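Peer 1: Line by line, the protein sequences give chains P and E.
Remember, the numbering used here sits 1347 above the position in the first sequence when you count from 1.
Remember, the numbering used here sits 105 above the position in the second sequence when you count from 1.
One or more hints might be untrue.
Covered stretches of chain E, as calculated for chain P (at least 3 residues, CB under 8 Å) [claimed, not checked]:
#	segment
1	452-458
2	535-541
3	802-813
4	829-841
Which residues of chain P face chain E? A partial, calculated answer using Cβ under 7 Å [said to hold, decoys possible]:
#	residue
5	Ser1393
6	Pro1531
7	Lys1548
8	Thr1560
9	Gly1617
10	Gly1634
These aren't lab readings, by the way, just hints derived from the structure by calculation.
Note that the structure is a prediction, hence the values are computed from the model and not measured.
Where a beta carbon is used, it is the ideal one built from N, C-alpha and C, also for glycine.
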Amino acid sequence: MEVSAQMKRLAFRIAFAAAAMVAAPQLVQASEASVDSAVPAYAKVSGVAGNLSSIGSDTLNNLMTFWAESFSAAYPSVRVQVEGKGSSTAPPALIEATAQLGPMSRAMKPDELDAFEKKFGYPPTQIRVAVDALAVYVNKDNPLEKLTLPQVDAIFSKSRRCGEPAPLDGWNAVGVQGSLATQPIRLYGRNSASGTYGYFKEVALCGGDYRDTVKEQPGSASVVQGVTEDKLGIGYSGLGYKTSGVKALALAKDAKSPFASTDPEEVYAGKYPLARFLYVYVNRAPGKPLDPLTAQFLRFVLSREGQEIVLKDGYLPLKAGVIAQELAKLE
Amino acid sequence: MQPAPRLEPPPEAAAPNPSAFPVATSRGRLLLDRSAAVLVRAGGFAVVFSLVGILAFLLVEVAPLFRGANVSEPRALSASAGPPELLLADASLARLASVAADGRVTVLDAESGAVQATLPFPVAGEILDVGDAPGEPTFSALLGDGRVIVVPVDWRVDYGEANARTVSAVLGTPVELPLEPADATVVAFSARARASGSAAAAVLSDSTLVVVRRTVRVNDFTGERDEQLARFQIPSPEGVTRLVLDSDQRQLYGADARGGLYWWEIAEDGVRTPRISQTGAPISALSLLVGGRSVVVGNANGDLSIWFRVQSGRAHAELVRAHEISSQGSEIRAIAPSWRKRTFAALSADGSLGLYHSTSERTLWRGKAAGEAAVAAVLAPRGDALFVASANGVRAFDVRNPHPETSIAGLAAPIWYEDYPEPTWVWQSTGGSEEFEPKLSLTPLAVGTLKGTFYALFFAIPLGILGALYTSQLMDPRLQRWVKPIVEIMASLPSVVLGFLAGLWLAPRLERYFPGLLLLLVASPLLALAAGAAFRALPARLRGRLPPGTEVALAAALLAAGAGVSIVLSGAVEGMVFGGDFGAWLQATTGLAYDQRNAVVAGIAMAFAVIPIIFAIAEESLSNVPKTLTAASLALGATRWQTLARVVLPAASPGLFAAVMIGFGRAVGETMIVLMATGNTPLLGWSPFDGFRSLSANIAVEIPEAPHGATLYRVLFLSALLLFMVTFVLNTAADLVRESLRRRYSGN
Chain P
1348 MEVSAQMKRL
1358 AFRIAFAAAA
1368 MVAAPQLVQA
1378 SEASVDSAVP
1388 AYAKVSGVAG
1398 NLSSIGSDTL
1408 NNLMTFWAES
1418 FSAAYPSVRV
1428 QVEGKGSSTA
1438 PPALIEATAQ
1448 LGPMSRAMKP
1458 DELDAFEKKF
1468 GYPPTQIRVA
1478 VDALAVYVNK
1488 DNPLEKLTLP
1498 QVDAIFSKSR
1508 RCGEPAPLDG
1518 WNAVGVQGSL
1528 ATQPIRLYGR
1538 NSASGTYGYF
1548 KEVALCGGDY
1558 RDTVKEQPGS
1568 ASVVQGVTED
1578 KLGIGYSGLG
1588 YKTSGVKALA
1598 LAKDAKSPFA
1608 STDPEEVYAG
1618 KYPLARFLYV
1628 YVNRAPGKPL
1638 DPLTAQFLRF
1648 VLSREGQEIV
1658 LKDGYLPLKA
1668 GVIAQELAKL
1678 E
Chain E
106 MQPAPRLEPP
116 PEAAAPNPSA
126 FPVATSRGRL
136 LLDRSAAVLV
146 RAGGFAVVFS
156 LVGILAFLLV
166 EVAPLFRGAN
176 VSEPRALSAS
186 AGPPELLLAD
196 ASLARLASVA
206 ADGRVTVLDA
216 ESGAVQATLP
226 FPVAGEILDV
236 GDAPGEPTFS
246 ALLGDGRVIV
256 VPVDWRVDYG
266 EANARTVSAV
276 LGTPVELPLE
286 PADATVVAFS
296 ARARASGSAA
306 AAVLSDSTLV
316 VVRRTVRVND
326 FTGERDEQLA
336 RFQIPSPEGV
346 TRLVLDSDQR
356 QLYGADARGG
366 LYWWEIAEDG
376 VRTPRISQTG
386 APISALSLLV
396 GGRSVVVGNA
406 NGDLSIWFRV
416 QSGRAHAELV
426 RAHEISSQGS
436 EIRAIAPSWR
446 KRTFAALSAD
456 GSLGLYHSTS
466 ERTLWRGKAA
476 GEAAVAAVLA
486 PRGDALFVAS
496 ANGVRAFDVR
506 NPHPETSIAG
516 LAAPIWYEDY
526 PEPTWVWQST
536 GGSEEFEPKL
546 SLTPLAVGTL
556 KGTFYALFFA
566 IPLGILGALY
576 TSQLMDPRLQ
586 RWVKPIVEIM
596 ASLPSVVLGF
606 LAGLWLAPRL
616 ERYFPGLLLL
626 LVASPLLALA
636 AGAAFRALPA
646 RLRGRLPPGT
656 EVALAAALLA
666 AGAGVSIVLS
676 GAVEGMVFGG
686 DFGAWLQATT
696 GLAYDQRNAV
706 VAGIAMAFAV
716 IPIIFAIAEE
726 SLSNVPKTLT
736 AASLALGATR
746 WQTLARVVLP
756 AASPGLFAAV
766 MIGFGRAVGE
776 TMIVLMATGN
786 TPLLGWSPFD
796 GFRSLSANIA
806 VEIPEAPHGA
816 TLYRVLFLSA
826 LLLFMVTFVL
836 NTAADLVRES
846 LRRRYSGN
């Protein structure tokens, strides 16, 4: 495998390095995921100024803020405002034109597209900006390492549409031994305004209903916080919010499929079942160019620098092929 | 402090004639007096107006929920190409495609009815039959050689100058599914195609069922494609005349002329034997609602019923009649489901038309489809138009039907939802796609509100009322001056801070020391009594010399020590009484699960917010008991306790009642603490060990999700209206009681 060869090369280099002990973790980290070398660097243009506003996803909130900071650093006369309460807040903001950028962690629903089309006569433009592996977290002290999606469904859902025959209520039901074995599973999740809520419901619960006992948290960080504080907890949120207090489980599509972790190579290979794109929606009239400020911001996002920021925030950068497709949408 | 009463009458009182005052001052005062009166009156009216305004606004927002559908008079669209077999509408309502029996597609302008284009069937061969795919922009055709062809109809939108859109129909790449029926003929078939795969099912004349499935797997990140074709054949029951395949191509439904309803499950490795349900009358129309789980059955008598599969216990799932719609009176010929909601239209043999919603069982509209026998009907993808085809052409109805899914009964009574074993109360408003069936029962939220209020008052009433009693009647006045402001500071703490502390700090600690809390609940009254007894036991000489408030300090110290000891002993109690693990013990003995964010945590945090209100009102009413009464009681030889229990308490009881009522109102409307300290779990139950979702927190959680003017948005306004009315009634009642109290004392 390409990655392991890279690792060996790195290890070889490290053996010669004096500061091997210090550098090793960072170098290994860098080898795990990096921005595709074919992604071009950002070329600054002149005359970019004005105000940009972004309203939408909480999953993308930190990422949008980082992009906004770097973009404003490149263009001091640009001001970017970022608000992230949930993906469902993006379509109304685009329709009312209170924001030029609508970050979303799921694709728009037909209802939302209808509402946009009703106002403008054409659909919004969807730009993919990053890859996320939606992680299922347990407390760091929990011995559990992996689950199949039907198991995840039977833990979180009362409908069990993915096919598990019985509900899974206790930790022993998913094979956990020791002190947790007699304990119930406590569920943490996002509120319904979140795109993550909708995506998880569609993909991990096969479109079924959440149990009434899932504690709906107003942000991704509070889901992770909840699982950190609760040794019996399990929750889901974007990979960018992972902390040392929680552990992301390896998942398999079904009992017959192999388990895959949230490692970049498994996500890119399409093995991790909850991998998804993150989007930014913009309003672009057909046949007309996007307004220059929004276009430059998105060019920055899709550049080498923008994708480095994706990596820094804990998500995965887009591959060069996808970036080329998205850049074409901006032309 | 009250000024000391003067014995001499003041000089002003000696000259009651206003003219004795300097004129200028008098006019100035009168003016001031009058303008103040006007201002106060205006303020009062402003309050009343804004209350009425809020009420009117809420009613205006809520009213559309309960209106039926608005359907226009039909427009005739000419269709020269003979009677169509089926219709497909473009979502933007610009074009309509009508498919004839020979597979030819005629594209009409949906406004004028003018023919825009005629598209030949894209595959050569004799066409025996055509079929639709409810909820998808495709149609299928059965060819004489046993192939089934699924043809996607793509609506291409071109934008000219100044956003002038033109819509044209393009037939997509046809998908071929070979049935290979050998010598038999096909009796009924159904087929679907989507990006992830395609499938066709058919019942053959030799009583076999054939399913052909083509699966496509595409990796989003690399673009790799993998295709597989599978064919299954099993014996089929006699007499099946209709088939419908669901959009996931996993479930197949069929009907026979005797009223039997069949359900086959198509697994990875084959087709399962069918489950059969008897509907009672010959089935004349069969369709699927969005999501593919609900089967709409129309029969020869004009009855409509909705069936879905239900798993009860470990037994095999079975189709059950979950919803019934009042009869349309004449044989149902066609059923047209909406693509977005569980709304459907039904067309009868006598030309009568109806628009219904499955979940709410509402009849939204009934009308006539213009005389002659109609053959096909379709609802536009967004549900905003209905097209009905007959031998003479197509008629279009404009439909306005924004809120079909709510009924007053549905908001309060149990409803049978798809996937649920029985009718129940559920709040789950949002899904990941349009296939989701919104569940908008306000019952769990109302129960949650009352549950949170109950646990808040459980802590707040005893502490607030007893605290007020002690402070106003027994405490040293110098200490009183400290206690009241401290309680007021308690009231000024933002509830979001309380909620945050409760959710993230208190909840994990309470879980660890819950047995300690139980111990403290028992120990604290005992300790307070012990403190009193200890103080009494002190020699009277010593007691007299101690500074005032020592008894409070003593009790506080004892309680603090008790709390500390309770926490320390928590582990020991847990080991002795609860077998070492309170959560596991609770689960084993009562069946209740202990959740970290539970009603006790929220109750404690809410009590923190409610206590100052109860305390302030109770303290005020206790202090306002006329001194003449207490003085008389004491003078007649009653002890302080007797005076307190028999004179002060009865006199102040209406005020205490008002305090509790206003505390209740505060707890009902509390939002941020509930939002942060509970998990917002819309549970239906009273267990103190799990969470709840209150009406107010629900509004805060869901309003960002609710699109302006949508059903959820209006239901949230309805819950706001409920809250408004509850707090209005409570506060008014409390105020009336307080008013009567004031009147009682005004006589003294």
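Peer 1: With reference to the structure, classify each hint as holding or not holding.
Peer 2: Comparing the hints with the structure gives:
no.	hint	verdict
1	452-458	violated (count 0)
2	535-541	holds (count 7)
3	802-813	holds (count 6)
4	829-841	violated (count 0)
5	Ser1393	violated (31 Å)
6	Pro1531	holds (5 Å)
7	Lys1548	holds (4 Å)
8	Thr1560	holds (5 Å)
9	Gly1617	holds (4 Å)
10	Gly1634	holds (6 Å)
Checked against the numbered hints given earlier, this structure breaks hints 1, 4, 5; the rest are met.
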